[in-house]
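If you're matching them up, the sequences are chains A, B, C, D, E and F in order.
Per numbering that gives the first Met the number 0: the first sequence = residues 0 to 79.
Per numbering that gives the first Met the number 0: the second sequence = residues 0 to 79.
Per numbering that gives the first Met the number 0: the third sequence = residues 0 to 79.
Per numbering that gives the first Met the number 0: the fourth sequence = residues 0 to 79.
Per numbering that gives the first Met the number 0: the fifth sequence = residues 0 to 79.
Per numbering that gives the first Met the number 0: the sixth sequence = residues 0 to 79.
Honestly, I wouldn't trust all of these hints.
Straight-line Cα separation of at most 27 Å, DSSO-like style, residue types lysine-lysine; simulated pairs [said to hold, decoys possible]: (1) D:K42 x D:K24; (2) F:K41 x F:K24; (3) F:K28 x A:K28; (4) B:K41 x C:K42; (5) F:K42 x E:K41; (6) A:K76 x A:K42; (7) C:K76 x D:K76; (8) F:K42 x F:K28; (9) E:K3 x D:K76; (10) B:K41 x C:K41; (11) E:K41 x D:K42; (12) C:K76 x B:K42; (13) B:K24 x A:K28; (14) E:K24 x E:K3; (15) C:K24 x C:K41; (16) E:K28 x D:K28; (17) A:K42 x A:K24.
Using C-beta positions, here's what the derived DEER-type ranges look like [claimed, not checked]: (18) E:K24 x F:E20: 23 to 31 Å; (19) D:W6 x E:D13: 34 to 42 Å; (20) D:N49 x E:K3: 20 to 28 Å.
Bear in mind the hints are in silico, worked out from the structure with no lab data behind them.
Just so it is clear, CB atoms sit at the ideal spot from N, CA and C, and this is done for glycine as well.
The lines below spell out each chain.
There are 6 protein chains.
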Amino acid sequence: MDNKEIWLETLITDTPQEGRELAIKMAIKSIAAIQTDAETRKKLRSDYANDTTQLIASANVIAIEFQTIAAANNYWKTEK
Amino acid sequence: MDNKEIWLETLITDTPQEGRELAIKMAIKSIAAIQTDAETRKKLRSDYANDTTQLIASANVIAIEFQTIAAANNYWKTEK
Amino acid sequence: MDNKEIWLETLITDTPQEGRELAIKMAIKSIAAIQTDAETRKKLRSDYANDTTQLIASANVIAIEFQTIAAANNYWKTEK
Amino acid sequence: MDNKEIWLETLITDTPQEGRELAIKMAIKSIAAIQTDAETRKKLRSDYANDTTQLIASANVIAIEFQTIAAANNYWKTEK
Amino acid sequence: MDNKEIWLETLITDTPQEGRELAIKMAIKSIAAIQTDAETRKKLRSDYANDTTQLIASANVIAIEFQTIAAANNYWKTEK
Amino acid sequence: MDNKEIWLETLITDTPQEGRELAIKMAIKSIAAIQTDAETRKKLRSDYANDTTQLIASANVIAIEFQTIAAANNYWKTEK
Numbered sequence: 000m001d002n003k004e005i006w007l008e009t010l011i012t013d014t015p016q017e018g019r020e021l022a023i024k025m026a027i028k029s030i031a032a033i034q035t036d037a038e039t040r041k042k043l044r045s046d047y048a049n050d051t052t053q054l055i056a057s058a059n060v061i062a063i064e065f066q067t068i069a070a071a072n073n074y075w076k077t078e079k
Numbered sequence: 000m001d002n003k004e005i006w007l008e009t010l011i012t013d014t015p016q017e018g019r020e021l022a023i024k025m026a027i028k029s030i031a032a033i034q035t036d037a038e039t040r041k042k043l044r045s046d047y048a049n050d051t052t053q054l055i056a057s058a059n060v061i062a063i064e065f066q067t068i069a070a071a072n073n074y075w076k077t078e079k
Numbered sequence: 000m001d002n003k004e005i006w007l008e009t010l011i012t013d014t015p016q017e018g019r020e021l022a023i024k025m026a027i028k029s030i031a032a033i034q035t036d037a038e039t040r041k042k043l044r045s046d047y048a049n050d051t052t053q054l055i056a057s058a059n060v061i062a063i064e065f066q067t068i069a070a071a072n073n074y075w076k077t078e079k
Numbered sequence: 000m001d002n003k004e005i006w007l008e009t010l011i012t013d014t015p016q017e018g019r020e021l022a023i024k025m026a027i028k029s030i031a032a033i034q035t036d037a038e039t040r041k042k043l044r045s046d047y048a049n050d051t052t053q054l055i056a057s058a059n060v061i062a063i064e065f066q067t068i069a070a071a072n073n074y075w076k077t078e079k
Numbered sequence: 000m001d002n003k004e005i006w007l008e009t010l011i012t013d014t015p016q017e018g019r020e021l022a023i024k025m026a027i028k029s030i031a032a033i034q035t036d037a038e039t040r041k042k043l044r045s046d047y048a049n050d051t052t053q054l055i056a057s058a059n060v061i062a063i064e065f066q067t068i069a070a071a072n073n074y075w076k077t078e079k
Numbered sequence: 000m001d002n003k004e005i006w007l008e009t010l011i012t013d014t015p016q017e018g019r020e021l022a023i024k025m026a027i028k029s030i031a032a033i034q035t036d037a038e039t040r041k042k043l044r045s046d047y048a049n050d051t052t053q054l055i056a057s058a059n060v061i062a063i064e065f066q067t068i069a070a071a072n073n074y075w076k077t078e079k
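Chain A with its partners taken away, still in its complex shape (with noise of 0.2 Å):
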């Protein structure tokens, strides 16, 4: 694991949308942890972005990263 660069400094986002991007920054990030090679992770890109199976496997993940960065924002109802 090579992704010493700092990108997840809080989980508090201003609104719902950001968290939502947040939420596949995150997901994005972990495929980005085993597969560390860019390159490949480019190349790979294709196979899943053509296949509803793995959309859908996708969108299994970012939905749990969004419920956890819902809760941290006390899902934008009240002060943080």
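Fit chains B, C, D, E and F to the known structure of chain A by using the hints.
This is chains B, C, D, E and F only, laid out in the frame that chain A set:
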């Protein structure tokens, strides 16, 4: 990812059923965030709408998204 | 999506068992929201009712939906 | 769905282990709700009992159901 | 199901690591509850221990079980 | 299972990013607990690092583990 349009302003909905609709929307938007080409998504649609394995996997995603929305709305029991 | 009919007015049920029934209904409605043609759904039914992999995947969805319903009902322990 | 028999009166169990048993029962009942024919279910049983992929998927369902039961029982820590 | 032996007296463990061990045990016991024949389970073991898809699916189950255990132990932060 | 080494002393981390790293570690340790032979794991690695389905499934596990860690750390919002 080019869904710059704001489509998720709040997790709060008036009714549980609107919460279901939002859960479905969130699942669809996740897929759109990965497969950004609308034409391709349209072509892929029949792939999953006729494959029960994928329909069930989609229902799994919706169930997870709905958990988040239901918690955000305090299960539509009390004032939010 | 043309399930304009109101089928989910509340997550509150009188008993845990009714909560299970609602969980199953929610899973089925998710599938109906994606595969909107009732005739097609009917034809697809035997695909998953006889395939244990899909039966188990369906049970996974029901388990997630039930988590939400059980939390909404405070696990049927106290007044809601 | 013809499981009209009342099989889930409460989520409360005396011990964690009884909670596990209930989780397994809930998973089995979900499958019975979709594949309503007992004879067919019996025939299908060997399909998953000998397929590790399906055994693991079943364990996933049981784990989710148990989460709900454990929360309902306040993790068997204090009075319920 | 013939796991009448009492193997789960409590969800409380002294340390997070013991919580991990319990999570693994719970996953294994679920499989044993469905495939009750120990000899068969032994034979099936190499099926999943050498298949990364199944190893990952097993890790998914362990992660869910651990969520429950960690919550039961209040994340090993304070007295339980 | 022969991971007698203590690798999980606490779920508390200083930052969300360290929480991600711990989530990845937990997922990897689960796999090591089932496939105990390090040589075999090494050989299997290319199986999943180049298969997007398995990369996504791995990301699913990481997302679940991270939920637990994030809750343990109160989402890194307040003192723990």
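Numbered hints the structure breaks, given as an ascending list
The structure conflicts with hints 6 and 12, although it agrees with all the remaining ones.
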